[in-house]
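Protein chains: 2
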Amino acid sequence: MPLSLVLRAIVTVCILVFSAKILGELFCKIKIPSVLGELTAGILLGPYAFGSIITIGGTPVIELNEIVRAFGEIGGILILFVAGLEMTFTDFRRVGSSSFIIGTTGVVVPFLMGYGFCMLFGLSAGASLVVSAALVATSISITSLVLQELKRSKTVESKTMVSAAVVDDVLGLAILGVIVSFISTSATINPFNVCLIVMESLALWLVLVVSASLLVPKIINLTSRGKSEETVEAAATASCFGAAALAAYIGLSPIVGAFAAGMAVSSSNAIEKIRDYAKKISTIFSPVFFALAGAAFNIRSFITDDIWFYVFFILLVGVAFVSKIVGCGLPAAYFLKDKNKGLKVGIGMMSRGEVGLIVAGVAISAGAISQSTYAAILGMIMITTVLPPIWLKRSYDKEPPEELEEKDPPDMIPTYPL
Amino acid sequence: MPLSLVLRAIVTVCILVFSAKILGELFCKIKIPSVLGELTAGILLGPYAFGSIITIGGTPVIELNEIVRAFGEIGGILILFVAGLEMTFTDFRRVGSSSFIIGTTGVVVPFLMGYGFCMLFGLSAGASLVVSAALVATSISITSLVLQELKRSKTVESKTMVSAAVVDDVLGLAILGVIVSFISTSATINPFNVCLIVMESLALWLVLVVSASLLVPKIINLTSRGKSEETVEAAATASCFGAAALAAYIGLSPIVGAFAAGMAVSSSNAIEKIRDYAKKISTIFSPVFFALAGAAFNIRSFITDDIWFYVFFILLVGVAFVSKIVGCGLPAAYFLKDKNKGLKVGIGMMSRGEVGLIVAGVAISAGAISQSTYAAILGMIMITTVLPPIWLKRSYDKEPPEELEEKDPPDMIPTYPL
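Same order as they appear, the protein sequences are chains A and B. Taking my numbering, the leading residue of the first sequence gets 11, the next gets one more, and so forth. Taking my numbering, the leading residue of the second sequence gets 11, the next gets one more, and so forth.
Everything labelled a hint here was simulated from the structure, so no lab data went into it. Incorrect hints may appear among the rest.
Any copy, or any two copies together, can satisfy a pair, since identical chains are not distinguished.
[Unchecked claim] Subject to a maximum C-alpha distance of 30 Å in a straight line, what follows is the list of computed DSBU-like cross-link-like pairs (lysine-lysine): (1) Lys228 x Lys39; (2) Lys41 x Lys351; (3) Lys169 x Lys403; (4) Lys351 x Lys169; (5) Lys41 x Lys228; (6) Lys347 x Lys228; (7) Lys283 x Lys403; (8) Lys408 x Lys347; (9) Lys39 x Lys403; (10) Lys164 x Lys403; (11) Lys349 x Lys228; (12) Lys403 x Lys228; (13) Lys164 x Lys228; (14) Lys408 x Lys228; (15) Lys39 x Lys283; (16) Lys408 x Lys289; (17) Lys289 x Lys228.
Construct the complete structure from the given sequences, taking the supplied hints into account.
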């Protein structure tokens, strides 16, 4: 019997989630961030690869219909909600001035370098904005996992990185908000307009964060006293989805709203319960997001006789590396008074990861960038996600381990042999 | 800025989930099963009530679009998956012969009484099948919660009820499979066809259950050894969705497949983890299912000058009560050699709850029953869900509490004052 739209979507979600997790698991074993495994699952199962080949009775098994796309979109929202849960508004205000400056230059330098580079290559102003926004966002989660594995998460440079990444995230998301405004309103891009929209987006975002952090914890604390099961979880879901929709309504990106809701929820009493819940819920949505990001990637874009594509791609990766070394590494070396540690901060903040993918995903589905620009961004994100952890590990391996032992605070989590 | 389809769906889901939970919580406080609160939220927010009134800028805030419907459909699948998780295939085989007979008569009697009653009232054969299928399914979850509250869950009649309800559930779902076959293939309804499809559905379902219980636990046990987060949860989701789609593919109802997957998963090692996960995931989907069931209910169907509607409704409720007393209570009184206990079994198995709602929901969306038949079924389900717990409590209150103390096995869970 032919399956209904929903059931075809369910089959696709079930295949995407399962294979994303299996590949994530395999990548994890060879020490590559599992998010890249999920992305690879999407590339392999997408319409440009095996997705069009695997069929039952002539119809493809994997069908990226509107319900699957809705799952992916909700996945993006939940990823940022979970990221927001890790950070309170108080944390954000407590970031030291040095981290604040490192985070800011770490956004401004890649953005300007990326924008200039793309304009030189003759990309449209819109596409240049997208590429430079994708260059901005640091995925500190991957780096912090590596630092934890190396038992260096309590070092001064690692704390600097994490604090700076907080600022980086917030500013990066503000830029995303601007990009979305440009794509959707098709305003003319001139310096005055850009400044206006940046200020407007930042102001709106701040209003959203402040009002969410006043209102949401009260709702959560109230519902956490309830007796029937999962009421507080339902309230958290409602906050996340509500803030996402509100953000979209006032012209920002929905994921920016979800991040604000996450930050707001994180200062409520029920944070542990909600964090556990949000991670579980993400299991079914986030892999779909990454898989869809992968599915939109056409490997054939890399097989072209247009030599300029290769030049563009290689230089883009170069800009991605250099801009974070300059934007984060230089100021860090100045503040920490240590070139070596500065370099480590630069390397550590290089991973682009999920936020970059979200920027590129929003842009390609809005038609703001071409297939080949999308392919170049994805390739850049993959390289900047795989290499820095390896590089960071090498640079720590060179240091004498004694130094580490001395510097470790006593409350470090012990590790057990596996 | 106007919201996209997905964001409008998210707003609706967020409102439905939150208000369903709030009403569920309120109903819980006045000792009415919370599922009825979720249903009421749907009735109140549906298009026949306030749903069409609450608007922003002329467009209704609550929009039951295809993505919201997909959430509801997935909710139905997850409800049955969670129900299946509570029951292993071994449990099912271990049910005693007396419970097996009580469960079977408890399905056959309501089905035949309901079918005869509807045909007498001039309903079509298809609609009669739907009504009688809705009369069959026992929602033991509500009764077992009440029994736990009354501290009677270890009594002989309560064990009989639960075991019989297992049989009842399985047969009820098989009947649902048959109904779906009839609705979708529009086969002529004659005794021979009915028998053929019943046998075919039962056989297919058994094949599905047996193959799932051989294959799924192996996959789950394999993935539960994984290192990256939530791999086993992803495998459980894939089993649930995969089995649902497979069931639909071979012509059964998808929820029957989800139930089989749940039963299969329940004999794996990771059952506790998966049970917790499945309940969390359901938080976001199940209330949408109940709310949509409520939203399809038009209260105006009850305001009619057609006196026969009222007669039909009252007699339907009567059939619902009598058929379970006769179908379950009589054989129970015979096996337990106690009229009083038999009556309690009959009362306890009266609640129709979620499975009845699923039958009615599938039927109305397929156009197999009229608005007024749907309203009558929903009214019947609400009454049979609210009254039996109260009735059961009264009948236990009459008994001397000493008897309870003596009969309780020593391993009873102690309860603390609230």
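Structure-based check of each hint:
In the homo-oligomer, the alpha carbons of Lys228 and Lys39 lie at most 30 Å apart only across protomers (21 Å), although the nearest pairing inside one protomer, at 42 Å, exceeds that limit. Only within a single protomer do Lys41 and Lys351 lie at most 30 Å apart by alpha-carbon distance; the minimum there is 23 Å, versus 62 Å between protomers. With identical chains, the CA atoms of Lys169 and Lys403 are at most 30 Å apart within one copy only, with a shortest distance of 17 Å there and 60 Å across copies. In this assembly of identical chains, the alpha carbons of Lys351 and Lys169 lie at most 30 Å apart only when taken from the same copy (12 Å versus 67 Å across copies).
Taking the shortest Cα distances, Lys41 and Lys228 sit within 30 Å of each other only across copies (26 Å), while inside one copy they are farther apart (41 Å). For the identical chains of this complex, Lys347 and Lys228 are neighbours neither inside a copy (44 Å) nor across copies (56 Å), given an alpha-carbon limit of 30 Å. For the homomeric pair Lys283 and Lys403, neither the shortest alpha-carbon distance inside one copy (34 Å) nor that between copies (34 Å) is at most 30 Å. Proximity of Lys408 and Lys347 under a CA criterion of 30 Å is satisfied intra-copy only: 19 Å inside one chain copy versus 82 Å between copies.
In this homomeric assembly, Lys39 and Lys403 come within 30 Å of each other (Cα to Cα) only inside a single copy, at 16 Å, whereas the closest approach across copies is 56 Å. For the homomeric pair Lys164 and Lys403, the shortest alpha-carbon distance inside one copy (15 Å) is at most 30 Å, but the shortest distance between copies (59 Å) is not. Proximity of Lys349 and Lys228 under a CA criterion of 30 Å is satisfied in neither setting, with 46 Å inside one chain copy and 53 Å between copies. For the identical chains of this complex, Lys403 and Lys228 are neighbours neither inside a copy (43 Å) nor across copies (37 Å), given an alpha-carbon limit of 30 Å.
Taking the shortest alpha-carbon separations for Lys164 and Lys228, neither the intra-copy value of 33 Å nor the inter-copy value of 41 Å comes in at or below 30 Å. Within a single copy, Lys408 and Lys228 get their C-alpha atoms no closer than 50 Å, and across copies no closer than 44 Å, so neither meets the 30 Å cut-off. Taking identical chains as interchangeable, the C-alpha atoms of Lys39 and Lys283 lie at most 30 Å apart whether they share a chain (29 Å) or sit on different chains (23 Å). Taking the shortest alpha-carbon separations for Lys408 and Lys289, neither the intra-copy value of 36 Å nor the inter-copy value of 48 Å comes in at or below 30 Å.
When the C-alpha separation of Lys289 and Lys228 is checked against a cutoff of 30 Å, the pair qualifies both within a copy, at 22 Å, and between copies, at 25 Å.
Comparing the model with each numbered hint stated earlier shows that hints 6, 7, 11, 12, 13, 14 and 16 do not hold.
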